[in-house]
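Asker: Spelled out from the first residue to the last, the chains are:
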Amino acid sequence: MAWHYPKLTRRGFMWATGGGLAGLSLLKPLDLVSEAWATVKDKDQNQEEVVHSICNFCSSLCNIKATVVGKGKDRRIVKLDGNPNSTLNRGKMCARGQAGVRQVYDVDRIKTPMIRVEGSKRGEGKFRTATWAEAWSYIESKSKAAKIQPWEWTMVGGWTSCVFYMNWAVPFALSNGVPNIVASPMQHCVASGHLGTDSVTGNFNIHDEVLPDFDNANYILFIANNASIGAVSTSRMVRFATGRKRGARVVALDTRLSETAAKADEWIRIRPGTDLDFLIAVMQVMMEEGWYDADFIRNHTNLPFLVQRAADGQWQLSTDPAGHPLVLDEMSGEVVALPSYSNQNALDVGGRKIKPALTVAENLAVAGKPVMTVFQAQKLEIKDKTPEAASKVTGIPAEVIRRIAEEFSHAGRPIIDPGWHGARYANINMLRRTQAMLQTLVGGIDRKGGWIMAAEYRHKITNWHKAKSEGKAMPGPLMTTMAGVPFVAELIKALSNPDTFPHKHPAWSFVFAAQERAAGREGVAVPALADTGLREAVEGKVMLNGEPYLARAILINAANPVRHYYPDSNWKEIMAHKNMELVVLVDVLPSDTVPYADVILPNPTYLERDEPTLYGNGVNHDLALVTRFRAIDPLYDTLETPDILLKMSQIISGSDENFHKMLEGLSGIPAAATRTAFEKYKAEGVNSPFSRACRDTSFSSTAERIHVSRDKLYTELKEQGIYFEERRDELLHAHSMPRHMAVPTTSGRLEFFGTLFQWLQTMGGKGASFNVLASTMPAQCRENKSMADALEPNEFYFTYGKTPTVSYGSTNSNNPVLAAINRFKKDIYTGIWIHPDRAKVLKIKTGDPIRLTNSRSGQQATGTAYVTAQLHPDSLFLHSSFGVENKALRLSYGIGTATNKLIPNWVEPVVAGFRSQEFTIKIEKI
Amino acid sequence: MTHYAMVIDLATCVGCNACMAACSLENQTPVWADHWRTKVHDREVGDGHGITRRFIPRLCNHCDNPPCMTVCPSGATYKTKEGVVLVEVERCLGCGACAMACPYDARYPATSDDIDTGKEYYGKLQRKSPSMDKCSFCYHRLLKEGEPACVQTCVGYARMFGDLDQPNDPVTQLVRSGKARPLMAHLGTRPNVYYIPER
Amino acid sequence: MDILTFTTQQHWTTWFAVYLFLGGMGAAVVAVSFLTHMYLREEKELVMWGALSGVAMMVVGSGMLFLHLLNKWAIFYIVSPYGVFHKPDSWIAWGSQFIVWIQIAAVLYALPYMVEKPRLLGWPVVGNVLKMPIVLQVAGVAKKIHPILGWVGIVTGIGTAVYTGLLLQSFPAVTLWHNPAVPILFTVSAFSTAMAWLLIVMYTFIYHRVDHSIRALYERIDLGLITAELIIVFSFFNFTLSGSEGGYRSAEMLWGSNGWLFGFVLFGLIVPLAMELKCVFGSWSGKAPIVTASLLVLNGGFQLRAYFMAAGIYAYPW
Ligand SMILES: Nc1nc2c(c(=O)[nH]1)N[C@H]1C(S)=C(S)[C@@H](COP(=O)(O)OP(=O)(O)OC[C@H]3O[C@@H](n4cnc5c(=O)[nH]c(N)nc54)[C@H](O)[C@@H]3O)O[C@H]1N2
Ligand SMILES: Nc1nc2c(c(=O)[nH]1)N[C@H]1C(S)=C(S)[C@@H](COP(=O)(O)OP(=O)(O)OC[C@H]3O[C@@H](n4cnc5c(=O)[nH]c(N)nc54)[C@H](O)[C@@H]3O)O[C@H]1N2
Ligand code: SF4
Ligand code: SF4
Ligand code: SF4
Ligand code: SF4
Ligand code: SF4
Ligand SMILES: [Mo]
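Residue numbers (this note's numbering), protein chains in the order written: chain E, 1 to 926; chain D, 927 to 1125; chain L, 1126 to 1443.
Isolated chain E, as found in the complex:
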């Protein structure tokens, strides 16, 4: 900021203050003397140590090292860096990761258990500090007094809980008869969006399964990507940067000039919600022009499978009486049957070599019914979805769409990134699915310069195939060895089936969905781990066997639903409801959900934790093991998650016996050995003795599994922070999917004909979302209006995205380093982006306060305008990271606008993904 003379003279600036401070600073050297002495005294306190860990600020799971200085109580973490041994993040970390050390020392941390002050209401945020014993006895007496039944509990977890504690959380739920789990990444990204991709590839892992090989790509197409690449997911960014330096051409479809789009050779400023139209047109061109890898799709996809129309006009696979899929063999000219499950189509059921046709004659019939290939059916489905048609709605000239189709299909090693965040529009599943199909058309699946499966995921699938070939259903415990769609299917079965538990209560979300369908409304097909129905359950509106199925208690761990779910009022009201008897919350910082708890249980931060087990290395192409080593002892009176779940088991079930058993059965944690170690550590007064016990047994069992000594495994992890089992190239060589190994779809092939959606139709799915083939699905931002129809002068499409310096709407906006960066970039990060052409009409300038009103729901919020030409004029853009309401987060309280004050509770029918941009916003100056 410049100082302007006229202003200065008026304020007489810097005179008084400058002089005053200057005077005081004269005294400083006295301090220096005492400090000098201190330095002499504790020379050996300057000893440095490096400790390895895993970043906890986003699910990119970077491998890190902490530099720790000093001894004993004075040990202090001074710096974090990427672990240079890691092939995942290659020694790098983003700003959030770098600033992680400040979470440990955040003065606003939750330092002891706390109990809501008697007589105060949830939401007022009045708490008294308590001991752990008090906290436990409060929970116990409350749940006894209110007679809370196991199924009346709901567990809520964030990605931290999923990634690090899934192996405890699911056994906890199942052993205690708790069918209800809400996981915050599901309706936002993991289910909504990924499921589309997964329907093609059969994937599905907790937190991402594909890491494209940008290093070796020569053409990269991004669709609504930003935080997942350049702003920042380090493992992807380092690869992207390398690819770009090696000359890859980059094209980004984004409604605004995001960080990632700014690095593209071409930014395609697409109208919000119309990416699907764009990509379907790209697919249309590629199919019409023959711009695909014919050998690959013929051999490894279900595109040559024959389909026919059922009586209701729906497409279905043609099969032989034994249920084998049929294809036309070009060599013999005959229709032949293929094995139902295989990675390829080159051999028929009899083992004869065949060449399946992608296109068959119009008059081909099977059993008297006209048939065509999936390829033809898909082509037919999108016949008139041409670039010309798409150009109207997307606002992108047809030539550009055609050119992108040509560039992409001719590049040689092209990548269309699968995308990460879902939600936004009901069509997101279809969009991600189309992306997977485009990548399949060019044969870019699981090969150099294409999409490459995470090694951990590949490893599980390899073992699963092995087990299947040995006649076993599963290679080992469900939680640790299963992956992909088969794993999800197991989980969905468990939660939706009334017979899972003796009390016959499936999850309320499934009961609610069925109830909705029964009432003729759109029920969600797979509301797994979603919050849909919770409100109704709390209000007593979900009925099971003629009785209200009540939700009366909540256990939240590492989640912040008040800020992360839509709208914010929903969860506030759920937790404040009179039927709600008990809210227990585990966190490290006072999030916006914290004021609604009855009991707050403090977790140690990630740098103060040894984790209870070893983990795979996320999306890394190399197969490796990692874990955390605590950099310093916990600063406060905190407890780790497994210990909390153990205690909660004792409270809910009266005993932890079942929990131990399920841990053994589902997660492979040996009950007897763990219990012995637990008793020992408890007696020794170790903090979080159960976690420590689990870690012990995990190290032993992992060492045994990979055939190394426990000591070697431990030492290597301690010293290197990562233990490599197998490298990418070997893995790809032997186990690339589907070139060498079937993918875990129904057919083992990459699926254009979506059997997953066919299955979901049997679960009640109806409508375009469940189409077995890909097609367009217009976003419905306004009733009965196309996205291309003119907006009113003060009306905009709403778009949002993540900030490079904040995770989600998380508490780390309170991190002092990140908060300082956010202040430095205040307009850009916390302002509401408006295009100058639109702002001019409305007489709005950067810095002007404005009011935003959702024209569908009437929700309102206020904010500050940031006028910039870096976005589509039809849209408003807001970073989804701000709007903290809890004053206890002293640095980020009151900054920016919360997206969830504007987004209504409106979900799509597949997995209850949030339709978080499917409306318009009207703005006015205030």
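In case anyone wonders, no lab produced these hints; they're calculated from the structure.
Accuracy of the hints is not assured; some may be wrong.
Claimed, not checked - 20 Å max Cα-Cα, derived EDC-like pairs, lysine to aspartate or glutamate:
1) D:K1045 to E:D108
2) E:K845 to D:E970
3) D:K1007 to D:D990
4) L:K1412 to L:E1170
5) E:K843 to D:D973
6) D:K1007 to D:D1089
7) E:K353 to E:D320
8) E:K845 to D:D990
9) E:K826 to D:D968
10) E:K840 to D:E970
11) E:K466 to E:E725
12) E:K922 to E:D789
13) D:K1070 to E:E48
14) D:K1045 to E:E725
15) E:K79 to D:E1071
Put chains D and L with the ligands on the given structure of chain E with help from the hints.
Answerer: Leaving out everything else, chains D and L with the ligands in the frame of chain E:
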């Protein structure tokens, strides 16, 4: 001999600010006063359809002809034999002349108030007295880890560090080929930070 | 890369203009009064006023700088004469020496007269100090080396005045400052304001005790200086108009602001010039017009520096 230099590739800088965070923690800078040894600007360039968004990391250029050093009355600002321009904290009056002389806005005051806040903030503070402060090319790290904190963490490999006296160093080659160019060379400061333009 | 930001530094603001103003003027006051005393007429009153008010200005001026130092203890490095040997390329190192030595020279030069001045001897503390034997001894020595002290004062005085401009000139990023006209402008202005100040002193505090011819001479010199300043200022305007965008912005900022146009150019230069012309060659007589003109010159001198600091525009490619 060694002559350190940095090359910044604007084509892969994504404006993520990781370098700012890394630097501030490595060097304990007064971020509460918005003072950083390195900043990454985020600027809109052009208008209409030609609009671009440029991320420009900046830091001390460790000039070979540093005006900040010429003006410094106490000799606190000096240049090491490896070409790094440093401030000797104890010798610095904090007169600010160097900050005025620097064409790259690389310097800021670290005041005694900052020292008080910093103690709370960073635990043990490296700094014992106030002075002008600026990027040191992480001189203290160069022997140990070989590269500055900002370079080590840069997720875009946008920051590269090297030795211009080594002809095979990639940084040297980028500089010699003219691909990487200094900022405001006409001022005669002879910077040792070079920029590769966006493509 | 193209320039994206134009800004003014935050380090040296209004307080620094005060330093430049009082430092330059104080030094010039000392130099002028010494020259007058040595070569025109032994006006004791004038030399005391000159030396002491000059010192006072420099104390206040450099006090400004001192107060804004981050680390006051390190001042040692620049006040000891070793400073310039260590940093001969730094104008501040030279300036600091000038300022130190001119103050010493000024006090010593005036001391022989001070110890004789009854009014001063009557003051509390000061009087007692002046009566101390050691002070009397020093005054005696000073008297003996008066010409040397005088020349030290004159050289360091001119040095200080020039230095206030050289200092700004050594900041290469700012077109407005980084050119050889700045030291000339600041030196001329320093002497012009010094004249103005001495005229005020002579017309008010010591009116009857100083010769009219000195006043007349000063008025004429001041006329010359103001004219020179006007020429430099307008050539500056021309210089900044082309050559660099930063310079252009400086020009824009200066010539677009009323303070500069009226406070400095009109009422700091042109009006006093006209008034003094009328006094010297025309019909005006009496104290009021010349004192008023001098006050305007003083104000103009400060405005010049303040505006120069504010309009020192840096251009950055980010
Ligand atoms: N407003 C908004 N909402 C969003 C998003 C957004 O960008 N903006 N993004 C959506 C997406 S894509 C996702 S994946 C989800 C992610 O949602 P979450 O996984 O829930 O996200 P986080 O913010 O990482 O974690 C939530 C809480 O965990 C706490 N926490 C951090 N570390 C620890 C720890 O070590 N132990 C414990 N017990 N708690 C800890 C934080 O303080 C915070 O309150 O959010 C979704 N919702
Ligand atoms: N900084 C940061 N990075 C993170 C995370 C984090 O919390 N913070 N979390 C991680 C997680 S869990 C996730 S899910 C990923 C999310 O990463 P991404 O999926 O990349 O999500 P966003 O950055 O929210 O949004 C991406 C872009 O979509 C654009 N956009 C919005 N609407 C439309 C549209 O209709 N069409 C098109 N073409 N573009 C649109 C936005 O402008 C934005 O630039 O990030 C991961 N990385
Ligand atoms: S991308 Fe950043 S926040 Fe996410 S894990 Fe890596 S370092 Fe941590
Ligand atoms: S960039 Fe500035 S501070 Fe750094 S050496 Fe050059 S002039 Fe000095
Ligand atoms: S602030 Fe310090 S380093 Fe800068 S010129 Fe003054 S004494 Fe030298
Ligand atoms: S080289 Fe070191 S001091 Fe300089 S900006 Fe980078 S991290 Fe900061
Ligand atoms: S870390 Fe690298 S990519 Fe990120 S802002 Fe800094 S220079 Fe740019
Ligand atoms: Mo996410």
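Asker: E:K922 and E:D789 were given as a pair; does the straight-line alpha-carbon distance stay at or below 20 Å?
Answerer: Within the cut-off at roughly 16 Å; holds.
Asker: Please work out if E:K845 and D:E970 have their alpha carbons no farther apart than 20 Å.
Answerer: holds (16 Å)
Asker: With the threshold set at 20 Å, check whether the alpha-carbon distance from E:K843 to D:D973 stays at or below it.
Answerer: Distance ~19 Å between E:K843 and D:D973 Cα, so the pair holds.
Asker: Is E:K826 close enough to D:D968, meaning Cα to Cα at most 20 Å?
Answerer: This hinted pair holds, its Cα atoms lying about 11 Å apart.
Asker: Hint check: E:K845 vs D:D990, CA-CA at most 20 Å. Holds or violated?
Answerer: Violated - the C-alpha atoms of D:D990 and E:K845 are around 43 Å apart, more than 20 Å.
Asker: Between E:K466 and E:E725, does the CA-CA distance stay at or below 20 Å?
Answerer: Status holds; Cα separation ~18 Å.
Asker: Please work out if E:K79 and D:E1071 have their alpha carbons no farther apart than 20 Å.
Answerer: holds (13 Å)
Asker: Given the hint that D:K1007 pairs with D:D990, does the C-alpha gap stay at or below 20 Å?
Answerer: Distance ~11 Å between D:K1007 and D:D990 Cα, so the pair holds.
Asker: Given the hint that D:K1045 pairs with E:D108, test it: the Cα-Cα distance must not exceed 20 Å.
Answerer: holds (17 Å)
Asker: For the pair supplied as a hint, E:K840 and D:E970, confirm whether the alpha-carbon distance does not exceed 20 Å.
Answerer: This hinted pair holds, its Cα atoms lying about 18 Å apart.
Asker: CA of L:K1412 to CA of L:E1170, is that 20 Å or under?
Answerer: Roughly 19 Å between the alpha carbons, so the hint for L:K1412 and L:E1170 holds.
Asker: Take a quick look at whether D:K1045 and E:E725 sit within 20 Å of each other, Cα to Cα.
Answerer: violated (44 Å)
Going down the numbered hints, you'll see the structure goes against 8, 14, while the others check out.
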